[in-house]
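Whenever a hint applies, use it, and build me the whole structure from the sequences.
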Amino acid sequence: GIQVEQSPPDLILQEGANSTLRCNFSDSVNNLQWFHQNPWGQLINLFYIPSGTKQNGRLSATTVATERYSLLYISSSQTTDSGVYFCAVLMKTSYDKVIFGPGTSLSVIP
Amino acid sequence: NAGVTQTPKFRVLKTGQSMTLLCAQDMNHEYMYWYRQDPGMGLRLIHYSVGEGTTAKGEVPDGYNVSRLKKQNFLLGLESAAPSQTSVYFCAIHPGGSRNTIYFGEGSWLTVV
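Those sequence lines, one after another, are chains A and B. Residues in the first sequence are numbered consecutively from 4, following my numbering. Residues in the second sequence are numbered consecutively from 3, following my numbering.
Honestly, I wouldn't trust all of these hints.
To be verified - A few chain A residues that face chain B, going by a derived Cβ cut-off under 7 angstroms, partial list only: (1) Glu18; (2) Gln36; (3) Pro42; (4) Trp43; (5) Leu46; (6) Gly55; (7) Val101; (8) Phe103; (9) Gly106.
Stated by the list, open to error - Label-pair ranges, simulated between beta-carbon atoms: (10) B:Gln19 / A:Asn59: 41 to 49 angstroms; (11) A:Ile112 / B:Ala58: 42 to 50 angstroms; (12) A:Val67 / B:Val14: 42 to 50 angstroms; (13) A:Thr82 / B:Gly53: 36 to 44 angstroms; (14) B:Lys11 / A:Thr83: 18 to 26 angstroms; (15) A:Gly55 / B:Gly5: 20 to 28 angstroms; (16) B:Val14 / A:Trp43: 15 to 23 angstroms; (17) B:Ser20 / A:Ser79: 45 to 53 angstroms; (18) B:Asp28 / A:Ile47: 36 to 44 angstroms; (19) B:Asp64 / A:Ser79: 16 to 24 angstroms; (20) B:Gln19 / A:Ile47: 31 to 39 angstroms; (21) B:Glu61 / A:Gln45: 31 to 39 angstroms; (22) A:Lys57 / B:Thr113: 48 to 56 angstroms.
Calculated from the structure, these hints are not laboratory results. By construction, the Cβ of each residue, glycine as well, lies at the ideal position given by its N, Cα and C atoms.
This is the structure:
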């Protein structure tokens, strides 16, 4: 079946540190998004990025579609960055199903 | 989460009771999804719909039914609730086509005792 993997599963950072989160997927994708789930459970869109690189403030993302992975970079982390980061994909072979990875749980400590 | 409204937001059920969760959208999107999220885990797809009058099974459909009688509403039903269905339920919408953003509702917390 379709596989979406994320690493690392858990990450603890000191405030101000940088980090890289990874999403691997098993098949070609039409759509890839990164979400942040805050401690209150709300899912927030970060990036829509099926290919290429995007930046939004301290966050940036790169997807290399041919190699089937995406990276989310967080620079100068803040405590408000804590939460779970999910990638979600819409596969070319199953275009109507949005499949989520298991997430990376990030804790930023002061 | 503008445009996707889930009701109710919180509910406690007794085992064997039935209930319906409503997802309502005002963005005229074709695709609608119901996910469940258990503690410390990712989102698993229960059922989805690619248009009015259509439904399809996702990864974990057992114990749930759905209906999409109107384009803007997607209903998730539990006919006989079980403690294993205690979870947070999220609705998502998507306009269809490959290059568009997915939007989520704020979640519905369901506890079955």
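Consistency of the hints with the structure:
Interface hint at Glu18 of chain A: violated, since its Cβ lies 24 angstroms from the closest Cβ of chain B, which is beyond the 7 angstroms cut-off. Below 7 angstroms, beta-carbon pairs count as interface contacts, and Gln36 of chain A has one with chain B at about 6 angstroms; its hint therefore holds. Interface restraint check: Pro42 of chain A against chain B, minimum CB-CB distance 13 angstroms, threshold 7 angstroms, status violated. Given hint, Trp43 of chain A at the interface with chain B, is violated; its Cβ is 9 angstroms from that chain's nearest Cβ, farther than 7 angstroms.
Interface restraint check for Leu46 of chain A: the shortest CB-CB distance to chain B comes to about 4 angstroms, inside 7 angstroms, so the restraint holds. A hinted interface residue such as Gly55 of chain A counts as satisfied when its beta carbon comes closer than 7 angstroms to some beta carbon of chain B; here the least separation is about 12 angstroms, so the hint is violated. Residue-level restraint check for Val101 of chain A holds (minimum Cβ-Cβ distance to chain B is 6 angstroms; threshold 7 angstroms). Interface hint status for Phe103 of chain A: upheld, as the beta-carbon distance to the closest one in chain B is roughly 4 angstroms, under 7 angstroms.
With its C-beta approaching chain B no nearer than about 5 angstroms, Gly106 of chain A sits inside the 7 angstroms limit, and its interface hint holds. Evaluation of the 41 to 49 angstroms hint for Gln19 of chain B and Asn59 of chain A yields a pass: the beta carbon distance comes to about 44 angstroms. At about 43 angstroms, the beta-carbon gap between Ile112 of chain A and Ala58 of chain B stays in the expected band of 42 to 50 angstroms. Our hint of 42 to 50 angstroms for Val67 of chain A and Val14 of chain B holds, since their Cβ atoms are close to 46 angstroms apart.
Range check, Thr82 of chain A to Gly53 of chain B: about 43 angstroms between beta-carbon atoms, so the 36 to 44 angstroms window is met. Here the CB-CB span from Lys11 of chain B to Thr83 of chain A is close to 23 angstroms, well matched to the stated 18 to 26 angstroms. Distance hint for Gly55 of chain A and Gly5 of chain B: a CB-CB separation of about 27 angstroms, consistent with the stated range 20 to 28 angstroms. At roughly 19 angstroms, the beta-carbon separation of Val14 of chain B and Trp43 of chain A lies within the given 15 to 23 angstroms, and the hint holds.
At about 50 angstroms, the beta-carbon gap between Ser20 of chain B and Ser79 of chain A stays in the expected band of 45 to 53 angstroms. Distance hint check for Asp28 of chain B and Ile47 of chain A: the Cβ-Cβ separation is about 19 angstroms, which falls outside the suggested range of 36 to 44 angstroms. Remark: the range hint 16 to 24 angstroms for Asp64 of chain B to Ser79 of chain A is contradicted by a beta-carbon distance near 45 angstroms. The beta-carbon spacing between Gln19 of chain B and Ile47 of chain A, approximately 33 angstroms, falls within the hinted interval of 31 to 39 angstroms.
Distance hint check for Glu61 of chain B and Gln45 of chain A: the Cβ-Cβ separation is about 23 angstroms, which falls outside the suggested range of 31 to 39 angstroms. A hinted range of 48 to 56 angstroms is violated for the C-beta pair Lys57 of chain A and Thr113 of chain B, which are about 39 angstroms apart.
Of the hints listed earlier, those the structure fails to meet are numbers 1, 3, 4, 6, 18, 19, 21, 22, in rising order.
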